[in-house]
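One-letter residues, chain by chain:
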Amino acid sequence: MRRDTPSDVIDAKRRRRTLSAALALTLALLAAACGTGGGSPTDVGSGADDVGTTSETAGSEDADAAAEGSGGVLRIAMSAANVPRPTTPPTEGGEGLRFVGMTIYDGLTRFEVEQGEELPRPVPALAESWEVSEDELTWTFTLRQGVTYHDGSPFNAESVAFQFDRMKDPEFEFYDEFDAPRHGEQYRTFASWEVIDEYTISITTVEPNAWLDWSLAQIMLPSPAMIIEHGNENYAAYASGTGPFRMTRYVDGEIMELEANENYWRGRPKLDGLILYPQSEASSRTASLQSGEVDWAEVPAPDALASLEADGFQIFMTEYPHAIMLGFNQFREPFTDITLRQALNYAADREGLASILSDTGVPAGQYVPPFHPAHAPDVGFFYDPELAAELLAEAGYQPGELSLTLAYPLSGSGNMYPNPMVEKLQQDFAAIGVTLELSPYEWGAFSDIGLAGLEDPLYGEYDLLWRSPGAGMLPNYYGRDWICERAGGKAQQFGYCNTTVDELYYEAAATFDIDESFEILQQAEALITEDAAALFWMHDLNLRVMSPDVRGYVHPKSWYVDFMSVWIEE
Amino acid sequence: MVSLIIRRAAMTLPILFGVTIIVFLLMMVLPGDPAQSFLAEDATAAERDRIRAELGLDRPLPIQYATWLADTVRADFGFSPFRRRSVSSLLAQAWWNTAVLAAASAVVGLAGGVLLGTAAALRRGRLLDKVISFVALTGLSVPSFFIAVVLLIVFSANLGWLPSAGTGMDQGFGTFLKHLVMPMIAGSLGTLAITARVTRASVIDTYGADFVQTLRAKGMSQSQLLGHVAKNAISPVLTTSGLQIGNLLGGAVLIETIFRWPGIGTLVYNAITSRDLLVVQGATLVIALTFVLMNLIVDVAQATIDPRLRQAVH
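Chains A and B, in that order, give the protein sequences. Start counting the first sequence at 1; every next residue gets the next number (the working numbering). Start counting the second sequence at 1001; every next residue gets the next number (the working numbering).
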């Protein structure tokens, strides 16, 4: 295996940078670390034109031509604070599923992330095909034969049912009381399941759920043999799935090593292995990439982009279903007034913000970005301070009369760069005479506000609530983000409620033709936008940087990635 | 001397007890629910209640604390459902990493600080003194994470001399030393600065004492004199050293995070973020115990060196 001892492999060819550049970068990093956000990061010149392309630097143009390469160990600096525990589902949220879940495991379906052109949809994986019954309640899956788990035990319908029992049946011997609730959302519509024969299993839902195949792509299937042998408590040390990579080493808090699964049913991955490091500090990830200790770094500080690009690193950005938006508290005055919600939507200078963020995001006019099949044409907000001032007056506020509070997180994966962003918004609002007070929260505590919602008297004082949803990544995220009543009977997080949107959502969820389903969601999208339900603000571009040696990588419009085609150029 | 140790040791118990109560209460008033980490975004109230029951959060606070205390007295720190490991194994792993880094930082910081401080005192008012004072002031004023990032960019990203992250402990001693250099420098700078300043002040102070005048009048050589001065000047240095070592052993969250050094600072930080109460409690107890022990050792050392202190405490 190549390059598995980081200290021995510091790459001589990357030592040509000047110290002055380093110090300038240091100062920029310090500014970011202090949260001043005052320093305007350098413009890397990646304008909006580049958006939608998978890559903009050297290396990518060779990707198609040199698709025949293989080998190497890909070392990744994750932004997670810890190595995701390789249970099902893994810990550490989206990053856990991306690097540990979908590498060690497979689901019955998988997202088609080997392409970077459109929204990845579910395609067959461990289920080769499926049929939906006449009443649209029962799905019957025909499973792939001849697949084995990494420990050698066979994959079959019993092993699928084992995981369903483990997550959904509190009476089951191996029910996992800590992992199951985290998985609740994927199993929400499950009523029952039945092993029909060795390679056939059926799932019956409580109501027609046209998007069950989307949920199944997030349900990872572990080896029952290992869970039975070691128990839920100790399973992580023996994690075993059917996926493209096999876990060979796992040190909680430090490292995970994986090697290629020679017998993978989609063919052996091109890489020989993967090494995952948890490295939550952006400047640290950037330095590890620059010194050649890792080949792939999640979200570097945007200030570092210019120097990374100059040094030949590959910078990947693409529009994908991920939004940063601010929910207006519609449980009470003043945001029960739609005119005011519109006014503030026109007050936000999104282009200005994008340039502050080195174009690592693009302006959002509505919930989903333009490439999304549910994107509504002819509606959407943009920056128009004069219109904003007019609408503010129409809503009955003179400049200086309105003061608002915003609750937002200081960090957290998928939140872009909260501090400089909210400070820019403060200026935008001030320009039309609206005062914005900032209430920063540590990420763990902030997640609680999202869960409780502004309905909770603890948080009811806030007028605006930061949200960073995977906007439309799965169609049921519309339900999570917009319907009047969430699971468990809680109201929508910031009190948005339009019963027509609810009706459309439930209609779409029961429409088994996915394109038709998206068309219905598009009507909901238009309504949500017309209602100015939130301040639609930015779409994150999923920034990721890699060494020039990483080849064959496709930057998908998703949180998830495909490691099958990646290799390291020797 | 023995009674001094016994009395000091007895005094640590109420301190440790107080620390755990304060930490327990602080964790309870922090916003955020430990059950959160185990729930999906659209979790139902029933799912939340079940997790809260699993975590024992549905019981009254005094009962929760009493249970923890009873277990801890039996040396059982409990189990972290977040990490699916016993708290003691988490503490052992993190404490060892921190102890290694702290020991290296302490040696460099204390030895360097004493040397620089003494040199500055002996050259009082001259150029060397000014240079050392400047270095010490810089070490005190510049935050360690800034030094860490500068080191990272210069020696790792640009020059490629040193690895940027990890401990390298499992890759041989040479590799480990390379990994140690930057976190050690970033971590020891504060200790070095404080020690240098305290040493300088103490040495200068002692040189002004009457007994030094007497020894000088008797015609004692400069080097012999230094020996007497050192023995008398060391007491305040020892006092600050105890605190410094305690500090280093408490783990430095920022340095550990920047250099991916999985020590006790990172452990506590992550545990606080996820409201992993048992880990926070256990780690705090260990850190408090370290502090108390270090101070005890310093007191004993001082009493050994200085007979006046032995008299005073009796």
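Watch out, some of these pointers could steer you wrong.
To be verified - Listed below are several chain B residues computed to face chain A (Cβ distance under 7 Å; list not exhaustive):
| id | residue |
| --- | --- |
| 1 | Val1029 |
| 2 | Asp1033 |
| 3 | Gln1036 |
| 4 | Thr1044 |
Stated by the list, open to error - As a list, the in silico EDC-like pairs of lysine to aspartate or glutamate whose alpha-carbon atoms are at most 20 Å apart:
| id | chain 1 | residue 1 | chain 2 | residue 2 |
| --- | --- | --- | --- | --- |
| 5 | B | Lys1231 | B | Asp1205 |
| 6 | A | Lys490 | B | Asp1205 |
| 7 | A | Lys168 | A | Glu134 |
| 8 | B | Lys1178 | B | Asp1210 |
| 9 | A | Lys490 | A | Asp513 |
| 10 | A | Lys168 | B | Glu1047 |
| 11 | A | Lys424 | A | Glu386 |
| 12 | A | Lys168 | B | Asp1210 |
| 13 | A | Lys490 | B | Asp1042 |
| 14 | A | Lys490 | B | Asp1071 |
| 15 | A | Lys168 | B | Glu1054 |
| 16 | A | Lys490 | A | Glu455 |
| 17 | A | Lys490 | B | Glu1041 |
| 18 | A | Lys490 | A | Glu503 |
| 19 | A | Lys168 | B | Asp1306 |
| 20 | A | Lys168 | B | Asp1205 |
What the hints assert, rightly or not - One-sided excerpt, in silico: chain B residues whose CB lies under 7 Å from chain A:
| id | residue |
| --- | --- |
| 21 | Arg1008 |
| 22 | Ala1040 |
| 23 | Asp1042 |
| 24 | Leu1152 |
| 25 | Ser1156 |
| 26 | Gly1160 |
| 27 | Val1181 |
Hints in this document: simulated from the structure, not taken from any laboratory. Where a beta carbon is used, it is the ideal one built from N, C-alpha and C, also for glycine.
Evaluated hints:
A cut of 7 Å between beta carbons decides the hint on Val1029(B): the least distance to chain A is about 12 Å, and the hint is violated. Taken as an interface hint, Asp1033(B) checks out: its beta carbon lies about 6 Å from the nearest beta carbon of chain A, inside 7 Å. Residue-level restraint check for Gln1036(B) holds (minimum Cβ-Cβ distance to chain A is 6 Å; threshold 7 Å). Taken as an interface hint, Thr1044(B) checks out: its beta carbon lies about 3 Å from the nearest beta carbon of chain A, inside 7 Å.
For the suggested pair Lys1231(B) and Asp1205(B), the alpha carbons sit about 13 Å apart, so the restraint of at most 20 Å is met. As the CA atoms of Lys490(A) and Asp1205(B) are separated by approximately 69 Å, the hinted pair breaks the 20 Å bound. Proximity of Lys168(A) to Glu134(A) is assessed by CA-CA distance (about 25 Å); at most 20 Å being required, the pair is judged violated. About 48 Å separates the Cα atoms of Lys1178(B) and Asp1210(B), which puts this hinted pair outside 20 Å; it is violated.
Only pairs whose Cα atoms come within 20 Å are accepted, and Lys490(A) paired with Asp513(A) is rejected, the gap being roughly 30 Å. Our distance criterion of 20 Å between C-alpha atoms is met by Lys168(A) and Glu1047(B), whose separation comes to about 11 Å. Taking the CA atoms of Lys424(A) and Glu386(A), the gap is near 18 Å; set against the 20 Å cutoff, the hint holds. Pair hint Lys168(A) plus Asp1210(B) does not hold up; C-alpha atoms about 82 Å apart against a cutoff of 20 Å.
With a C-alpha separation of about 9 Å, the suggested pair Lys490(A) and Asp1042(B) falls inside the 20 Å cut-off, and the hint holds. A threshold of 20 Å between alpha carbons decides the hint, and for Lys490(A) with Asp1071(B) the separation of about 38 Å lies outside it, so the pair is violated. As the CA atoms of Lys168(A) and Glu1054(B) are separated by approximately 16 Å, the hinted pair is consistent with the 20 Å bound. The suggested pairing of Lys490(A) with Glu455(A) holds, with an alpha-carbon distance near 9 Å, which does not exceed 20 Å.
For the hint pairing Lys490(A) with Glu1041(B), the CA-to-CA distance comes to about 12 Å; that is within 20 Å, so the pair holds. Simply put, Lys490(A) and Glu503(A) have alpha-carbon atoms about 18 Å apart, close enough for the 20 Å limit, and the pair holds. Using a Cα cut-off of 20 Å, the hinted pair Lys168(A) and Asp1306(B) is violated, with the two alpha carbons roughly 69 Å apart. Proximity of Lys168(A) to Asp1205(B) is assessed by CA-CA distance (about 73 Å); at most 20 Å being required, the pair is judged violated.
Interface hint at Arg1008(B): violated, since its Cβ lies 35 Å from the closest Cβ of chain A, which is beyond the 7 Å cut-off. Among the interface hints, the one on Ala1040(B) holds; its C-beta lies about 4 Å from the nearest C-beta in chain A, closer than the 7 Å criterion. Interface restraint check for Asp1042(B): the shortest CB-CB distance to chain A comes to about 4 Å, inside 7 Å, so the restraint holds. A cut of 7 Å between beta carbons decides the hint on Leu1152(B): the least distance to chain A is about 4 Å, and the hint holds.
Among the interface hints, the one on Ser1156(B) holds; its C-beta lies about 4 Å from the nearest C-beta in chain A, closer than the 7 Å criterion. Taking 7 Å as the C-beta cut-off, the interface hint given for Gly1160(B) holds, the closest approach to chain A being about 4 Å. At about 11 Å, the closest approach between the beta carbon of Val1181(B) and any beta carbon in chain A exceeds 7 Å, and the interface hint on this residue is violated.
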